[in-house]
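Taken in sequence, the protein lines are chains A and B.
The letter at position 80 of the first sequence is residue 80 when you use this note's numbering, and the numbering goes up by one with no holes.
The letter at position 109 of the second sequence is residue 221 when you use this note's numbering, and the numbering goes up by one with no holes.
Mixed in with the good hints, there may be bad ones.
[To be verified] Straight-line distance between alpha carbons at most 30 angstroms, and here's what the computed BS3-like set of lysine-lysine pairs gives:
no.	chain 1	residue 1	chain 2	residue 2
1	A	99	B	176
2	B	126	B	178
3	B	132	B	178
4	B	167	B	178
5	B	153	A	49
6	A	68	B	176
By construction, these hints were calculated from the structure, which means they are not laboratory data.
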Amino acid sequence: AQSVTQPDIHITVSEGASLELRCNYSYGATPYLFWYVQSPGQGLQLLLKYFSGDTLVQGIKGFEAEFKRSQSSFNLRKPSVHWSDAAEYFCAVGGNTGKLIFGQGTTLQVKP
Amino acid sequence: GAVVSQHPSRVICKSGTSVKIECRSLDFQATTMFWYRQFPKQSLMLMATSNEGSKATYEQGVEKDKFLINHASLTLSTLTVTSAHPEDSSFYICSARLWADEQFFGPGTRLTVL
Chain A
1 AQSVTQPDIH
11 ITVSEGASLE
21 LRCNYSYGAT
31 PYLFWYVQSP
41 GQGLQLLLKY
51 FSGDTLVQGI
61 KGFEAEFKRS
71 QSSFNLRKPS
81 VHWSDAAEYF
91 CAVGGNTGKL
101 IFGQGTTLQV
111 KP
Chain B
113 GAVVSQHPSR
123 VICKSGTSVK
133 IECRSLDFQA
143 TTMFWYRQFP
153 KQSLMLMATS
163 NEGSKATYEQ
173 GVEKDKFLIN
183 HASLTLSTLT
193 VTSAHPEDSS
203 FYICSARLWA
213 DEQFFGPGTR
223 LTVL
């Protein structure tokens, strides 16, 4: 079955601290992997994506993610979190049809 | 960047009425749009794929007669929730596919059925 698991429902980090959001997937074909951020009242914004090539991908706002095929993971990282990063983060997997399967999301809270 | 709008952003209706939600790609043409449903504190669930000029493709378990989708032009797809009931209350999100590998999301529509 195709699925995405984000094990952490809620994470709290201090401003300036590093961040890692976990994502594991199950997909029958070569996956296209995405991380989106959702802020209240706004649409999902793409942070980064992986299709092929270098397994470490850089995204917007200082985020990066690493694709590890052996672990079926695509974890999102940021070396230093800003208060404005507080939001809901979604990992998604899809293929060339464009259909996306989303994880349950991780709510990030940033402490001052 | 590519912009997708949804209208209305919020709607409250009585049980038994129908509600139409519009999804527009403002600065690009999209042959494919997607409709998702999001429950509070939960993930987005794909409801259907909307293809311009053809019938929508619904995901398993989604009632096509309940959720009518029309993709009449390259910039507009509509979702009509027919005979809405309280259990249809949810956050509905559309996305429009620009390239093969990227789609852009609308801000969502909050539907509350009384």
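The hints, checked one at a time:
Pair hint residue 99/A plus residue 176/B holds up; C-alpha atoms about 18 angstroms apart against a cutoff of 30 angstroms. The suggested pairing of residue 126/B with residue 178/B holds, with an alpha-carbon distance near 16 angstroms, which does not exceed 30 angstroms. Taken as a hint, the residue 132/B and residue 178/B pair is honoured in the structure, with Cα atoms around 12 angstroms apart against an allowance of 30 angstroms. Annotation: proposed proximity of residue 167/B to residue 178/B holds, straight-line Cα distance about 15 angstroms (limit 30 angstroms).
At roughly 23 angstroms between alpha-carbon atoms, residue 153/B and residue 49/A fall within 30 angstroms of each other, so this suggested pair holds. The suggested pairing of residue 68/A with residue 176/B is violated, with an alpha-carbon distance near 38 angstroms, which exceeds 30 angstroms.
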